[in-house]
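First residue of the sequence shown? That's 178 in the working numbering, and the numbers climb one at a time after it.
Keep in mind that the hints were calculated from the coordinates and are not lab data.
No residue lacks a Cβ here, since even glycine has one placed at the ideal position from N, Cα and C.
One or more of the hints may lead you astray.
[Stated by the list, open to error] Here are the computed distance ranges between Cβ atoms for each label pair:
1) Lys216 to Ser291: 30 to 36 Å
2) Gly237 to Gln208: 37 to 43 Å
3) Lys217 to Leu395: 24 to 30 Å
4) Gly244 to Pro312: 14 to 20 Å
5) Ser236 to Ser420: 19 to 25 Å
6) Arg385 to Pro293: 20 to 26 Å
7) Pro293 to Ser236: 25 to 31 Å
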Amino acid sequence: MSSTRLSIRVRAHMNEPKIAIAPTTVTEDPQSWDILWKKKVTPWDSGEIQPPLRQVIESGDVPFARGGRALVPGCGRGYDTIYLASALGHDAIGLDASVTAVEAANELVRSESSNPELVSKIQFETADFFKYEVPEDKKFDLIYDYTFFVAIPPSKRLLWGSQINSLIKPGGYLITLMFPQVPPRDPQPYTTGPPFYSNFASYEEVLRAGGSEWEVVLDKIPDDATLLDAHKGKDRIVVWKRSA
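Please model the complete structure; the sequences and the hints are all you need to start from.
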């Protein structure tokens with residue numbers, strides 16, 4: 178399946194008007210996300226593979242493994258999870274706290290019924306990322322985070338870093354598509370969200386606190402011409418390699 182075909186198909190899911198989420202709408206209760214999915218209040222759902230992710234994978238600038246295992250926490254409808262399975266041949270797992278989001282992702286996968294080999298590589302699970310465990314021989318070659326980090330309360334960021342360190346194998350890669358990368362107007366940015374404001378240091382601090390060594394192998398500000406309007410000037414994509 179080409180990424181172009183996927184992009185065209187998933188836009189058909191995106192006819193609902195976008196509604197801004199008030200900071201108080203989502204709580205630390207994961208079920209609050211499911212309520213929004215049930216109401217179709219999903220302004221974070223862009224309806225397509227994120228362009229910066231596709232550019233990084235297809236540029237060849239990073240020697241990602243082929244045919245390994247990939248994890249996408251907070252996968253939503255699963256566009257990027259499906260793309261990683263297609264582009265890298267990974268067995269790709271998408272996690273989401275919302276049952277409704279996982280149902281939507283599985284519906285999207287079923288639209289690929291003409292490609293059973295691809296479908297067999299994709300799995301969506303309703304799960305709490307912070308409690309998710311895999312055996313040593315099932316650790317991931319690649320983890321991709323887009324808007325999951327900024328959706329969780331900042332008080333959970335250290336736990337996010339610990340989980341990333343626990344789930345990714347030595348030599349594995351973490352792709353962080355950082356958004357939004359502009360300070361909000363609120364004078365207390367870390368108390369307002371989601372999305373909660375973050376920057377490069379926000380990720381670096383909690384990754385290194387997790388006990389592993391990390392090397393930045395790519396750090397790029399995407400070309401605005403390739404981005405969705407809501408992301409222009411606000412995206413930064415960083416690829417980290419766990420070295421130990």
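Range hint 24 to 30 Å (beta carbons of Lys217 and Leu395) holds or violated: violated, 35 Å
Supplied distance hint 37 to 43 Å, evaluated on CB atoms of Gly237 and Gln208: holds, 41 Å
Ser420 and Ser236 - C-beta distance against the hinted 19 to 25 Å: For Ser420 against Ser236, whose Cβ atoms are near 22 Å apart, the range 19 to 25 Å holds.
Status of the given 30 to 36 Å range, CB of Ser291 versus CB of Lys216: holds, 32 Å
Range agreement (Cβ of Ser236 with Cβ of Pro293, hint 25 to 31 Å): About 29 Å separates the Cβ atoms of Pro293 and Ser236, which means 25 to 31 Å holds.
Consistency of beta-carbon spacing, Pro312 to Gly244, with hint 14 to 20 Å: holds, 19 Å
Arg385 versus Pro293 beta-carbon gap, inside 20 to 26 Å or not: violated, 42 Å
Hint violations for this structure: numbers 3, 6, all remaining hints satisfied.
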